[in-house]
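From first to last, the protein sequence lines are chains L and X. Per this note's numbering, residue 130 is the first one in the first sequence, and the count goes up by one each step. Per this note's numbering, residue 150 is the first one in the second sequence, and the count goes up by one each step.
Simulated from the structure, these hints should not be mistaken for lab results. Certain hints may be false.
Quick list of the computed label-pair ranges, beta carbon to beta carbon [stated by the list, open to error]: (1) X/His207 - L/Arg138: 25 to 35 Å; (2) L/Ser202 - X/Leu260: 23 to 33 Å; (3) X/Glu190 - L/Asp186: 23 to 33 Å; (4) X/Glu190 - L/Glu212: 22 to 32 Å; (5) L/Glu191 - X/Asn171: 30 to 40 Å.
Remember, it's a predicted structure, so these values are computed and weren't measured experimentally. Virtual Cβ for every residue (Gly too), placed ideally from N, Cα, C.
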Amino acid sequence: DAGVIQSPRHEVTEMGQEVTLRCKPISGHNSLFWYRQTMMRGLELLIYFNNNVPIDDSGMPEDRFSAKMPNASFSTLKIQPSEPRDSAVYFCATASGGFQETQYFGPGTRLLVL
Amino acid sequence: SQELEQSPQSLIVQEGKNLTINCTSSKTLYGLYWYKQKYGEGLIFLMMLQKGGEEKSHEKITAKLDEKKQQSSLHITASQPSHAGIYLCGAPPEDYGQNFVFGPGTRLSVLP
Chain L
130 DAGVIQSPRH EVTEMGQEVT LRCKPISGHN SLFWYRQTMM RGLELLIYFN
180 NNVPIDDSGM PEDRFSAKMP NASFSTLKIQ PSEPRDSAVY FCATASGGFQ
230 ETQYFGPGTR LLVL
Chain X
150 SQELEQSPQS LIVQEGKNLT INCTSSKTLY GLYWYKQKYG EGLIFLMMLQ
200 KGGEEKSHEK ITAKLDEKKQ QSSLHITASQ PSHAGIYLCG APPEDYGQNF
250 VFGPGTRLSV LP
């Protein structure tokens, strides 16, 4: 298996633009997690899906952030409009169950908002 | 809410030396994950511990969860430059609605 696949790996955009991050989970994994990592705040969980349904989005910073999982093999995290403070590394992780199962992380998308 | 602390924050050792990283929880742990992260890369799963007193090993890395399930240690024997990176501990929530939490990380450098 190729592992968790994220795209793009790097994204540089200007403030106000829409940003879409993509994740393809490991086949057979039914839980998907979006994380954000910054120097200031460390690693934070943004949202968690189970069987394509958002279970907990309490970590999503504000309405500018939205996440979808239209099917078991694809998820997106969208920021609209983007702001400089959104600059971070965004990780997608998947697991075969919920939190009690091992999470496997993708390589991350490094986002820079100018 | 549950919080994880790690010590030390950073560590520099000479190749071949042993080292220990600690992770302490403010509440009883219902599982403890150890991850390694290289700069600019994703997290790599190392080990998961669930039972009090449990100990697991993989190559030269051993992780233990204490009997009270509030502290875990990660021990590296005969460190190598390939062990360098940031080690993070993470804890799953007890119930739905609570968040998976991570420690702040320990940055390890191994000098050749």
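Hints, verified against the model:
At about 28 Å, the beta-carbon gap between X/His207 and L/Arg138 stays in the expected band of 25 to 35 Å. In this structure the hint that L/Ser202 and X/Leu260 lie 23 to 33 Å apart at CB is violated, the actual value being about 44 Å. At roughly 26 Å, the beta-carbon separation of X/Glu190 and L/Asp186 lies within the given 23 to 33 Å, and the hint holds. Under the hint 22 to 32 Å, the C-beta atoms of X/Glu190 and L/Glu212, about 25 Å apart, fit the expected range.
For the hinted restraint 30 to 40 Å between L/Glu191 and X/Asn171, the CB-CB distance of approximately 35 Å keeps it satisfied.
Hint 2 from the earlier list is the only one contradicted by this structure; the remaining hints agree with it.
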